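Sequence lines, in order, name chains H and W. Take 150 as the starting number for the first sequence in the numbering used here and just add one per residue. Take 150 as the starting number for the second sequence in the numbering used here and just add one per residue.
Take the hints with a grain of salt, since some may be wrong.
Same chains, same names: a pair is fine if it fits in one copy or spans any two.
Unchecked claim - Calculated pairs, SDA-like style, for lysine to any residue (alpha carbon to alpha carbon, straight line, at most 20 angstroms): (1) Lys718 / Arg318; (2) Lys551 / Val235; (3) Lys516 / Ala505; (4) Lys285 / Pro692.
Quick caveat, the hints were computed from the structure, so don't treat them as lab data. Please read these numbers as outputs of a predicted model, since none were measured by experiment.
Number of protein chains: 2
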Amino acid sequence: MTDLKPSTTSGATDGPDVKHMKWWGWGLEGTAFHHDDKPAFAPFVKKMVGVDLNSESVAVAPAFDDLDIPSSRLTADVAGALSLIVGEDHVVIGDMERVVHTYGKSIRDLIRIRNGVFPRTPDAVVYPATESEVAKIVAASTEHDFVIIPFGGGSNIVGSLEPMPGEDRIVISLDMGRLDRVLDIDEDSGLARIQAGTQGPDIEAQLNPRGWTLGHFPDSFTHSTLGGWVATRSSGMQSDKFGDIADITRGLRMVRPDGVVVIRAVPSASTGPSLREMILGSEGRLGVITEVTVQVHRIPEKREILAYLFPTWEAGLKAMQAIAESDATPSVTRVSNEFETEMSFATSKESKGVSALVMQGLQRFLKVKGWDTAKMCLSFIGYEGSDEHVDRNQKLVNKIVKKYGGLGVGKGPGVLYDQKKFDTPYLRDFFLDHGGAADVSETSAPWSKLLPLYNGVYAAANRAFEKVGVQGLIMAHLSHSYHTGACLYFTFAFEHGDRPLEQYDVVKKAIQDAFIAEGGTVSHHHGVGLEHAPWMRDDVSAPGLALMQGLLDSADPAGRFNPGKVTGK
Amino acid sequence: MTDLKPSTTSGATDGPDVKHMKWWGWGLEGTAFHHDDKPAFAPFVKKMVGVDLNSESVAVAPAFDDLDIPSSRLTADVAGALSLIVGEDHVVIGDMERVVHTYGKSIRDLIRIRNGVFPRTPDAVVYPATESEVAKIVAASTEHDFVIIPFGGGSNIVGSLEPMPGEDRIVISLDMGRLDRVLDIDEDSGLARIQAGTQGPDIEAQLNPRGWTLGHFPDSFTHSTLGGWVATRSSGMQSDKFGDIADITRGLRMVRPDGVVVIRAVPSASTGPSLREMILGSEGRLGVITEVTVQVHRIPEKREILAYLFPTWEAGLKAMQAIAESDATPSVTRVSNEFETEMSFATSKESKGVSALVMQGLQRFLKVKGWDTAKMCLSFIGYEGSDEHVDRNQKLVNKIVKKYGGLGVGKGPGVLYDQKKFDTPYLRDFFLDHGGAADVSETSAPWSKLLPLYNGVYAAANRAFEKVGVQGLIMAHLSHSYHTGACLYFTFAFEHGDRPLEQYDVVKKAIQDAFIAEGGTVSHHHGVGLEHAPWMRDDVSAPGLALMQGLLDSADPAGRFNPGKVTGK
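Isolated chain H, as found in the complex (with noise of 0.2 angstroms):
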């Protein structure tokens, strides 16, 4: 999937020798996703979707001369302000910079982009170098009245970055790429101060050497900050083991008018309403995050994706449950439905030679052994540890595997799976050129609940295709297990007409409510800001949404840090 293709656009900046996205779409520039070696794809996506991948008529995105990008508000006093904190080099008016920083890469950015689509941009992007520049710089918001929008990868689905249209404020994006350092290492603690900038890759590279891991793997992990996963409560995909970002953090700084709040790296503490879990989540609304200590783990001895099969999608959910109850401590548990784990073949290089065989006599086994391949589950448990611990948990892992009718299909699926778990979202972009939109919608909640949840999602959404006219799919896994239930992970696909973001809307509703009306939360990893928060109510009650908002109010009553973003206001 990561097979180098030339674009035909450019995605140069004239900023600072910080990493962006491509400007339209997902991940680096030249990379791109193709299936002229995948014989199985385009016959799934036309049977699924109904969209001929084959076709000649491919969408090209504008060139980028072509869009109409409104004008830098900014004025001289506040570059100059600017200017003198960071240096001129450092606060950006340009076109591409402001249009990189004006989305995230939902779907609904990706259209928007796609069709020139800017209803406003931030009026500069401006790049600190410390925290004492990020203070400066809020010290200069409060007093020139303008707006400060952080961003960190600029890898949110949920619209967390986007200025509000009716803005009349000037409006800085603010670019943590400079602040980019793994700072300290407390080898005694196993803990880890990383400046906020920092982007996923950047903080295995600074740590691995030194004998460390933060395992934190969110699937947007190459295109995405520490302080990106702080302000949207992100899990990673072994958040199993790792805990998600909520428990990972243990300290951190986030600067505001009045200082810099210091929350110590302490194990545990039981000082009052949790000043920690209020940023964590808090989506630039309280302040800007720099710094964050984390826990840190020794590298393991010994990491392991392996492969399972199970004959229906109740006996996979059955088998993770089982395996949470149990004395196994996976790092991944996943197990997708049969139209994912169709997809999943579909997307794999063809079968030739032996493996061709292995996957014929495989399906021959499989038949003998009663099962409808049409409606098995691919499942994949990681395991990390000492050999023994690894050892011990795959024989705890494959009695209840066999408990539940699955099967093991070894280690070459999960090595696939491993290598190319970050490649999924340039799938978005392909499918576009070609007229399909798809996008994801992730939840939680408790295991008795799950399937009941599961089927309430499949309904509205096939209520939703019915709607607005078109053939759709989506697809599930579970991706995320805990002690009383598990995160639900869907993906949604349809071929668009022209107005693709009044279709989306419907089918993106559609699924949002039957979590909320299931007794799922309307994120689990995702976070909130524009798209879920209309959700935010159902989610923790009017007098709870009162609570946050009053929260969000007395931190910042003119509404300079992010306006609109987790509430709507």
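Starting from the structure of chain H, add chain W where the hints point.
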């Protein structure tokens, strides 16, 4: 320690059938500490703090009738409104009831109550039976402008329960004791809905017959409630396995003037600043918690607490850290320093026959091994789960204990510890009877800071003892282990003079200052109340405290919910 010994003062109240502790001290009427069968105890106390337990001069708490108790300021209006809601029998203004609800059980509280110091008592104790009654009481508080202080078991030791001395408005102690039921167990998810006023033993008594346990056992377990644990961010003795109350609490309901905040029970969520974590530790300042959904666990097949000895405190700490880093997952990790170890042996009943011989043999054995037995440290490590899990964990721990020069001494002391683990608070009353003052302070810090913090606290406490002119004892244990650090729990005692609280203030301040100076938190699991409020600015920084105050002020602008607690205003 729980041997029955008749007390001379009555704890009978004129309120409804809700269990309360003695008005003048810890625990049940008729139960007290004595040392008749503990021959080593009096010499230990004499040596360490100079108090002669065998002297004739035993202080006797005043007779209740001699106390000068302020009259209730309840007005006919408010009495009428409350009676309409809960019934006349459940609005109690009797002196005993009001005294029982004035304080918690800190040494400050015990000394004040023994000396008849009541700057302010609640004007009535109100016993709602339902959430809807709580909602009506909260509405009445808005209408009639009275203050509400939620009351669970009354075990708090940081001043979270007392009315502010200068409070001019009517103050209601809202006793949650009638909301004492486990409402529902979701056996599929391991979730139980429990009313906030349910006391520890009543929770387990309702869960255990159905095969479940909450697994939350704070020192106060026998006399504290779920709502109280949540309101103060409590930890239990087995939190290494079951998590702190913040981990255990999945959902909750809290009554506010504009309705009930409903946090739905989900395994994890990324929705904004966490309301759940704002309510945890809120000590009544955001509203009245009425119901909590907690994660519960199947009663384990096997449960064992084993005792170990380490040659030194440093070795004991190193071993606990190694266990936290290992694959072992014990339910309890605890090691006492040499002074607390000596105290433990001193509170053991007289060894006779075989056990005396075993003890003598052990001492000889340790001397042969080259131990300085005055430096040895007693450790308890708990194991829960399947036979195989317990067995494997004991083997993993044994290796580590051996590596750090420790020695397993079997199940006997562990069984004893398990039986007596809730009795320690009785000691303070007994000690007060004999002219001694004792209390506790606890903190958490990263592993790298633990020993410097310990040394800093010792130096500070000893300077403080000298300053106030007493022979003081300070002892410590590590009570909870985490990936990045641990909780250190200090007990301090001294023979007090005429002004015990002035002496206490100097010693307590010295210890808390040392926590802050050495990178610990102001409290690991006792909460903040009024006692720890002076350190909140140091603990969370001035801008952090301002953010917290902003939340409290916006949530309760008129200051009717337990004003003054946590932040001091």
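**OP:** Would you list, in rising numerical order, the hints stated earlier that this structure does not obey?
**Re:** Of the numbered hints given earlier, the structure breaks just one, which is hint 2.
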